[in-house]
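Chemist: Sequence:
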Amino acid sequence: MPETKMIHIRFPATVIDKMTVYLKEHGINRNSFIVEAVTEKLRREMQVKAFRETRGALTHEDAPEWTKTGGTKWVQGLRGKD
1 MPETKMIHIR
11 FPATVIDKMT
21 VYLKEHGINR
31 NSFIVEAVTE
41 KLRREMQVKA
51 FRETRGALTH
61 EDAPEWTKTG
71 GTKWVQGLRG
81 KD
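Each residue of the sequence shown is one higher than the one before, counting from 1 in the working numbering.
Fair warning: there could be bad hints in the mix.
Claimed, not checked - As a list, the in silico BS3-like pairs of lysine-lysine whose alpha-carbon atoms are at most 25 Å apart:
no. : residue 1 : residue 2
1   : Lys41     : Lys5
2   : Lys41     : Lys24
3   : Lys18     : Lys41
Stated by the list, open to error - The following label-pair restraints were derived from C-beta to C-beta distances:
no. : residue 1 : residue 2 : range
4   : Ala63     : Thr14     : 23 to 33 Å
5   : Ile9      : Val75     : 38 to 48 Å
6   : Arg10     : Arg79     : 48 to 58 Å
7   : Ile16     : Val48     : 26 to 36 Å
8   : Asp62     : Lys24     : 24 to 34 Å
9   : Pro2      : Arg52     : 24 to 34 Å
10  : Pro2      : Gln76     : 42 to 52 Å
11  : Gly77     : Ile7      : 45 to 55 Å
12  : Asn31     : Arg52     : 23 to 33 Å
13  : Glu45     : Ile16     : 19 to 29 Å
14  : Ile34     : Thr72     : 33 to 43 Å
Hints were generated in silico from the structure; no laboratory data involved. Every residue gets a Cβ at the ideal spot worked out from N, C-alpha and C, and that includes glycine.
Required output: the full structure, derived from the provided sequences and hints.
Modeler: Take a look at the structure:
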């Protein structure tokens, strides 16, 4: 098991109440739920950061098929090639 550390945090009472009901209904451990939620939030935030940092990395010339064809036509073209 990975090393763990204890922290003390405050939640709004309404959030705790809703979480307690949800966790009881689904038989989920509170600590595991919070760790998973924070891990998922961090993963999403890191993805957004990476997307922002790489914005503009490709020019129109690098991927011309991305700019000349609308998204719907592009997907239809892919499906037609199956």
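Chemist: If a hint holds in the structure, say so; if it does not, say that too.
Modeler: Taking the hints in turn, this is what the structure says about them:
Under the criterion of a C-alpha separation no larger than 25 Å, the hint pairing Lys41 with Lys5 is consistent with the structure, at around 19 Å. For the given pair, Lys41 sits about 23 Å from Lys24 by alpha-carbon distance, which is consistent with the 25 Å threshold. For the suggested pair Lys18 and Lys41, the alpha carbons sit about 19 Å apart, so the restraint of at most 25 Å is met. Separation of Ala63 from Thr14 is about 47 Å and departs from the stated range, judged on CB atoms against 23 to 33 Å.
Between Ile9 and Val75 the CB atoms are about 43 Å apart, so this pair conforms to the stated range of 38 to 48 Å. For the pair Arg10 and Arg79, the supplied restraint of 48 to 58 Å holds, since their beta-carbon distance comes to about 50 Å. Distance hint for Ile16 and Val48: a CB-CB separation of about 28 Å, consistent with the stated range 26 to 36 Å. With their beta carbons about 52 Å apart, Asp62 and Lys24 fall outside the hinted range of 24 to 34 Å.
For Pro2 and Arg52, the Cβ-Cβ distance of about 29 Å falls inside the hinted range of 24 to 34 Å, so the restraint holds. For the hinted restraint 42 to 52 Å between Pro2 and Gln76, the CB-CB distance of approximately 46 Å keeps it satisfied. Judged by the Cβ atoms, the range 45 to 55 Å given for Gly77 and Ile7 holds: they are separated by roughly 51 Å. Between Asn31 and Arg52 the Cβ separation comes to about 32 Å, which falls inside the hinted range of 23 to 33 Å.
Checking the proposed 19 to 29 Å range against Glu45 and Ile16 shows it holds: the Cβ atoms sit about 23 Å from each other. Checking the proposed 33 to 43 Å range against Ile34 and Thr72 shows it holds: the Cβ atoms sit about 41 Å from each other.
Hints 4, 8, counting from the list given before, are not met by this structure.
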